[in-house]
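Participant: Required output: the full structure, derived from the provided sequences and hints.
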Amino acid sequence: MTTPPKMQAVEQIPLDLAGRTAHGREDFLIGPGNKSAVDWIDRWPDWPAPFLILSGPAASGKTHLAAVWEEQTGAMPIRPDRLLSDTAEHIAHAGQHLVLDGVDPWLGERTAETALFHLYNILKEEKRTALVTMRMNPSAAAFEIADLASRMRAAPLAAIAPPDDTLLASVLIKLFSDRQLAVSNDAIRYTLPRMERSFAAARDIVIRADRLALAQKRGISVPLMRDVLAAMQTEPL
Amino acid sequence: MKLSIERAALLRSLNHVQSVVERRNTIPILANVLIKAENGALSMATTDMDLEINESVAANVQEPGATTAPAHTLHDIVRKLPDGQDVEIALNPEGTQMTVKAGRSQFKLSCLPVADFPEIGAGNLPAGFAVPAADLRALIDRTKFAMSTEETRYYLNGIYVHETEHDGVKVLRAVATDGHRLARFEMPLPEGATGMPGVIIPRKAIGEVRKLIDEAGDSIQISLSESKIRFAFDHIVLTSKLIDGTFPDYQRVIPEGNDKIVEIDAKTLTSAVDRVSTISDGKSRAVKISLHGKHMTISASSAESGSATEEVEVNGETDIEIGFNAKYLLDITSQIEGEGCRLTLADAASPTIIQDNSDPSALYVLMPLRV
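If you read the sequences in order, they're chains W and A. Residues in the first sequence are numbered consecutively from 70, following my numbering. Residues in the second sequence are numbered consecutively from 56, following my numbering.
Hints in this document: simulated from the structure, not taken from any laboratory. Careful: at least some of the hints might be erroneous.
[To be verified] No farther apart than 16 Å at their CA atoms in a straight line, the calculated lysine to aspartate or glutamate pairs in the EDC-like style are these:
{"hint": "1", "chain 1": "A", "residue 1": "LYS315", "chain 2": "A", "residue 2": "ASP386"}
{"hint": "2", "chain 1": "A", "residue 1": "LYS259", "chain 2": "A", "residue 2": "ASP105"}
{"hint": "3", "chain 1": "A", "residue 1": "LYS156", "chain 2": "A", "residue 2": "ASP171"}
{"hint": "4", "chain 1": "A", "residue 1": "LYS349", "chain 2": "A", "residue 2": "GLU368"}
{"hint": "5", "chain 1": "A", "residue 1": "LYS91", "chain 2": "A", "residue 2": "ASP171"}
{"hint": "6", "chain 1": "W", "residue 1": "LYS286", "chain 2": "A", "residue 2": "ASP105"}
{"hint": "7", "chain 1": "A", "residue 1": "LYS315", "chain 2": "A", "residue 2": "ASP374"}
{"hint": "8", "chain 1": "A", "residue 1": "LYS338", "chain 2": "W", "residue 2": "GLU80"}
{"hint": "9", "chain 1": "A", "residue 1": "LYS322", "chain 2": "A", "residue 2": "ASP386"}
{"hint": "10", "chain 1": "A", "residue 1": "LYS349", "chain 2": "A", "residue 2": "ASP320"}
{"hint": "11", "chain 1": "W", "residue 1": "LYS286", "chain 2": "A", "residue 2": "GLU206"}
{"hint": "12", "chain 1": "A", "residue 1": "LYS382", "chain 2": "W", "residue 2": "GLU80"}
[To be verified] Selected chain A positions facing chain W (Cβ under 7 Å, derived; list incomplete):
{"hint": "13", "residue": "GLU205"}
{"hint": "14", "residue": "THR207"}
{"hint": "15", "residue": "HIS235"}
{"hint": "16", "residue": "PRO303"}
{"hint": "17", "residue": "ALA341"}
{"hint": "18", "residue": "LEU418"}
{"hint": "19", "residue": "MET422"}
{"hint": "20", "residue": "VAL426"}
[Claimed, not checked] Listed below are several chain W residues computed to face chain A (Cβ distance under 10 Å; list not exhaustive):
{"hint": "21", "residue": "GLU80"}
{"hint": "22", "residue": "GLN81"}
{"hint": "23", "residue": "ILE82"}
{"hint": "24", "residue": "PRO83"}
{"hint": "25", "residue": "LEU84"}
{"hint": "26", "residue": "ASP85"}
{"hint": "27", "residue": "ALA87"}
{"hint": "28", "residue": "ALA251"}
{"hint": "29", "residue": "ALA284"}
{"hint": "30", "residue": "LYS286"}
{"hint": "31", "residue": "GLY288"}
{"hint": "32", "residue": "ILE289"}
{"hint": "33", "residue": "PRO292"}
{"hint": "34", "residue": "ARG295"}
Every residue, glycine too, gets a C-beta built ideally from N, C-alpha and C.
Facilitator: Here it is as structure tokens:
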């Protein structure tokens with residue numbers, strides 16, 4: 070016979086019912102920090118090079134903006150790990166225009182860099198384009214192949230800067246709305262000055278708030294956001 | 056308007072329609088029942104703007120006409136009248152007062168104009184199919200306990216009903232979840248349901264439909280559009296707005312890789328959990344299930360009350376300890392009518408699947424408590 074359990078701090082684990090991210094053009098929130106990146110997307114096909122590099126911190130909207138461009142141009146999304154496993158020719162002919170979302174892990178990898186370099190040349194020759202997204206600014210990235218480095222650094226750069234307060238508030242509301250959660254202005258006003266000023270922090274806060282509200286059957290309120298921000302200090306996501 | 060009707064028949068219909076009327080209404084007309092007398096029938100309708108119920112019953116109509124009168128008051132009056140009497144209902148010529156007479160009792164009720172009564176039941180509902188009453192009853196009973204009541208998650212405050220395929224067979228599937236547990240029920244896709252939109256039927260409509268099913272005939276006609284659903288019983292039509300939201304992708308929370316399987320008599324498990332949980336305290340009503348070999352130990356402890364354990368035998372051997380909210384567990388096991396229920400587990404922090412051994416139409420997912 071087992072000993073009766075001591076049940077303190079009992080906590081209901083919720084089901085992982087994450088919402089769908091809205092990736093429409095009208096869902097993309099524009100602020101001073103990402104305005105120039107949006108302008109570059111809108112300028113297509115008038116790009117001075119076959120690659121447009123879209124660079125910005127985690128959760129800053131690179132994938133969203135890439136999806137907007139994909140929708141606008143019919144471009145084909147290419148998983149960047151194909152740079153390792155496939156030839157540049159194959160990748161180049163997967164679609165008329167291409168999206169490579171998140172190439173950072175493959176930079177510094179000779180095989181992948183070679184494929185990316187060849188891809189650049191093929192697209193240039195055939196007057197086609199690719200949107201390449203990465204967290205790092207190419208000028209700060211460590212490339213293995215100098216020819217690729219020079220092309221990536223010379224390509225037009227659509228950089229997303231950290232958000233200002235207005236954009237951060239809108240991003241919080243958008244992320245809650247993706248999860249079909251109504252959030253009060255008070256809860257947003259409470260959260261903004263107390264959170265890290267980054268897109269990634271906004272994403273983490275919303276994931277945590279959703280999970281805590283679901284576990285405890287509560288609404289997204291000031292007291293809930295207080296608990297979320299306190300938990301962020303102590304518990305990893 | 057003037058009519059007479061047997062008290063029992065009037066009461067039965069009023070029982071149905073008054074149930075939709077909220078006890079507190081800021082809009083006076085919503086407290087009223089719309090009464091129409093014509094062609095040998097009395098029809099009564101109520102609404103809360105989201106849900107409308109309309110029922111007709113045979114009556115001796117002397118003068119056709121229509122009015123609206125306070126639903127709960129009229130219901131209370133008829134309820135208190137002696138059984139077996141005829142009730143006479145008449146509207147004054149000004150249309151402002153309705154008289155209700157039975158035996159020596161007489162009541163005068165204030166009326167509101169028929170034109171003020173909002174009708175939400177109208178409109179074309181393109182998809183339509185018939186469902187056997189027993190199937191609709193099972194669909195609701197197997198899932199409704201898992202609906203959320205938390206207003207923030209409005210899209211979980213109902214049952215999601217949609218068309219899908221399971222093992223190559225087209226099915227009508229119902230899913231409800233409050234984020235802690237999930238219930239899924241399916242039945243063969245009724246003829247005519249192909250191409251129907253997936254809809255979330257609100258909690259209140261589910262409750263009202265469920266009450267009506269037991270008195271319904273063999274089959275219930277369902278019609279729907281993207282925004283409304285209508286249930287037509289013999290003399291009753293219930294129309295409800297649907298929840299304007301997206302139901303979450305529930306498939307991703309139904310685990311496929313759980314490998315710890317035990318089978319147990321459902322009634323034995325239900326009564327053991329019920330007994331042990333007497334000791335559990337707080338909202339979570341935690342019970343711990345420890346499986347060791349062929350033994351299941353259900354236990355609970357509370358700082359105030361003490362502790363409890365009970366051992367039961369299971370088929371299958373596994374080793375795991377997991378905590379559950381006893382109420383959630385009982386909600387599920389009490390739905391299992393067959394003898395055996397199967398628990399498919401992974402670990403103490405992952406969803407457990409519970410199924411009736413003899414009935415593959417229902418599947419339940421229960422999230423554990425971290426204890």
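Participant: All the hints need checking, so say for each whether the structure fits it.
Facilitator: Now the hints, each set against the structure:
The straight-line distance between the Cα atoms of A/LYS315 and A/ASP386 is roughly 22 Å, outside the 16 Å bound, and the hint therefore fails. At most 16 Å may separate the alpha-carbon atoms for a hinted pair to count; A/LYS259 and A/ASP105 meet this at roughly 9 Å. Between A/LYS156 and A/ASP171 the alpha-carbon distance is near 26 Å, which puts this suggested pair outside the 16 Å criterion. With a C-alpha separation of about 6 Å, the suggested pairing of A/LYS349 with A/GLU368 holds against the 16 Å cut-off.
The hinted pair formed by A/LYS91 and A/ASP171 meets the criterion: a straight-line CA distance of about 14 Å does not exceed 16 Å. For the given pair, W/LYS286 sits about 24 Å from A/ASP105 by alpha-carbon distance, which is inconsistent with the 16 Å threshold. Restraint check for A/LYS315 and A/ASP374: the C-alpha separation of about 8 Å stays at or below 16 Å, so the hint holds. For the suggested pair A/LYS338 and W/GLU80, the alpha carbons sit about 10 Å apart, so the restraint of at most 16 Å is met.
Restraint check for A/LYS322 and A/ASP386: satisfied, since their Cα atoms lie roughly 12 Å apart, inside the 16 Å limit. About 13 Å separates the Cα atoms of A/LYS349 and A/ASP320, which keeps this hinted pair within 16 Å; it holds. The suggested pairing of W/LYS286 with A/GLU206 holds, with an alpha-carbon distance near 9 Å, which does not exceed 16 Å. With a CA separation close to 15 Å, the supplied pair A/LYS382 and W/GLU80 stays within the 16 Å bound.
A distance limit of 7 Å between C-beta atoms decides the matter here; for A/GLU205 the minimum to chain W is near 5 Å, and the interface restraint holds. Hint status for A/THR207: holds, given a least beta-carbon distance of 4 Å to chain W, under 7 Å. Hint status for A/HIS235: holds, given a least beta-carbon distance of 6 Å to chain W, under 7 Å. For A/PRO303, the interface hint holds, the least distance from its beta-carbon to any beta-carbon of chain W being 4 Å, beneath 7 Å.
A cut of 7 Å between beta carbons decides the hint on A/ALA341: the least distance to chain W is about 5 Å, and the hint holds. About 14 Å separates the beta-carbon of A/LEU418 from the nearest beta-carbon of chain W, more than 7 Å, and the hint is not met. Annotation: interface hint on A/MET422 holds; nearest CB of chain W at approximately 5 Å, less than 7 Å. Interface restraint check: A/VAL426 against chain W, minimum CB-CB distance 5 Å, threshold 7 Å, status holds.
Because the beta carbon of W/GLU80 sits about 4 Å from the nearest beta carbon in chain A, less than 10 Å, this interface hint is met. For W/GLN81, the interface hint holds, the least distance from its beta-carbon to any beta-carbon of chain A being 6 Å, beneath 10 Å. Interface restraint check for W/ILE82: the shortest CB-CB distance to chain A comes to about 5 Å, inside 10 Å, so the restraint holds. A hinted interface residue such as W/PRO83 counts as satisfied when its beta carbon comes closer than 10 Å to some beta carbon of chain A; here the least separation is about 5 Å, so the hint holds.
Using the Cβ-Cβ criterion of 10 Å, the hint placing W/LEU84 at the interface with chain A is satisfied: the shortest such distance is roughly 4 Å. Contact between W/ASP85 and chain A, as hinted, is supported at the beta carbon level, the nearest pair being about 6 Å apart and thus within 10 Å. Restraint check, W/ALA87 versus chain A: the minimum CB separation of about 7 Å is within 10 Å; hint holds. Evaluation of the W/ALA251 hint against chain A yields a held restraint, the C-beta minimum of about 6 Å falling below 10 Å.
Here the hint on W/ALA284 is kept, as its CB sits about 8 Å from the closest CB of chain A, short of 10 Å. The closest approach between the C-beta of W/LYS286 and any C-beta of chain A is roughly 5 Å, which is under the 10 Å cut-off, so the hint is satisfied. Taken as an interface hint, W/GLY288 checks out: its beta carbon lies about 4 Å from the nearest beta carbon of chain A, inside 10 Å. For W/ILE289, the suggested interface contact is upheld, since its CB lies about 6 Å from the closest CB of chain A, less than 10 Å.
Violation of the interface hint for W/PRO292 is found here, the shortest Cβ-Cβ separation to chain A being roughly 13 Å, above the 10 Å cut-off. Given the 10 Å rule on beta carbons, the hint for W/ARG295 is violated: about 17 Å separates it from the nearest Cβ of chain A.
The structure does not agree with the numbered hints 1, 3, 6, 18, 33 and 34 stated previously, though it agrees with the rest.
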